[in-house]
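K.L.:
For reference, the chains in residue letters:
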Amino acid sequence: MSYLPYAVAAWICLWGIAGIATSRNLIHLAVCLTVTQSSSYVFLLSVGYVSHGKAPIFIGTKLGSTAVDPVVQALALTDVVVSVAVIALILALALDAHRLSGTVDPDELVDVSG
Amino acid sequence: MSRRARLLILGPALAGLGALFAWAIAGLPAFGDYRGPYGFVLNRVVVPLRHTTNVVMGTTFDVRGVDTMGEEFILFAAVLGVALLLRDETRSREVERRTGRLPNDAVRLLGVVMIGGCLLVGLWLMAFGYITPGGGFQGGVVFAGAILLLYVVGSHRDYHPFRDENVLDLLESIGAGGYLVVGLAALVSGSAFLTNLFGLGTTGTLVSSGSIALLNWASAIAVSCATLLLFAEFLETYVFPLDAEDAAS
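Residue numbers (this note's numbering), protein chains in the order written: chain A, 34 to 147; chain B, 63 to 311.
The hints are simulated quantities; they were obtained by calculation from the structure and are not laboratory data.
Keep in mind that a hint or two might mislead.
To be verified - Some chain A residues judged to face chain B by a derived CB distance under 8 Å, without partners named:
(1) A40
(2) T55
(3) T111
(4) A121
(5) L122
The beta carbon of each residue, even a glycine, is placed where N, CA and C say it ideally should be.
Using the sequences provided together with the hints, build the complete structure.
P.N.:
Put into structure tokens, the structure is as follows:
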């Protein structure tokens, strides 16, 4: 039970990769990539959890009371920003691919050249 | 590679990766059994040293301020990339704006109430980012979400002022550049890059945390504008499809 959050992160990651590999639509593929990346949020926040710890925001709580790791929370913030940046670029490229070849199926895109 | 071959490779690959994950997890300390020193140290020292009660923001904008600058420029680069791919100067100037409104007044009223709430929450998250949960990044996204709601419940015309690329490009650059300027100001004064050199103020009030407050606002502006620019580029493509000129000819 105490390893469940890590297992959940691994599970989300594996399903995300499976989705990317079997995808038939570039937009679906972008969503699967986001799912894969979400596993890292779950993992980061699990790694930084301290038993019975509160949020690392010391307003109304005494300084020095048990709180979870703020470093991984800041990392999760970076993670979300990178995720948004990447998905925006992928969706823009998907729009371009659709404009140039009339399809968003990655299997059909292989035949397109020039 | 055929689809079938890909699926055949995928199965063993996922099984192998899953096994590696299981091996790695078995070597981790149990959930809640946190050992690393950094979290404990930061939770002790950030409040007295930086006068910010939100240690996550203290970490983001001070302890690892250089990383956050990189993060902000990642977003900047992504928006630049999307603009390069999707922006079409000729189209955005000439096509007539779509002016259709939602037919249902109740939905529109609810939307207007939600816009007010979203704007307020967004501004609160930005302004109090270094005191209570929140921050420039989160607040910026909520703020931009409120503007997007205006597009959803209003019309393209109501939304139009918030998709002006000239203004958004400028503000986005001011936000991203402002972060750099705060860092350089420390260099000019003879300290290390991004040293917190402004008055630290009183812990738990809006006048606290020194440079963190400025960096927080810089990133709030940069993130709001980056998000609005992304919306603008994609909505433009949606309202005026890229192949509109082909269909017309």
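K.L.:
Give a verdict on every hint.
P.N.:
To see whether the hints hold, each was checked on the structure:
The beta carbon of A:A40 is positioned within 8 Å of a beta carbon in chain B (closest approach about 6 Å), and the interface hint is therefore held. For A:T55, the shortest C-beta to C-beta distance to chain B is roughly 7 Å, which falls under 8 Å, so the interface hint holds. For A:T111, the suggested interface contact is upheld, since its CB lies about 5 Å from the closest CB of chain B, less than 8 Å. Nearest Cβ of chain B to the Cβ of A:A121: about 5 Å, under the 8 Å cut. The hint holds.
Interface restraint check: A:L122 against chain B, minimum CB-CB distance 5 Å, threshold 8 Å, status holds.
Of the hints listed earlier, there is not a single one the structure fails to meet.
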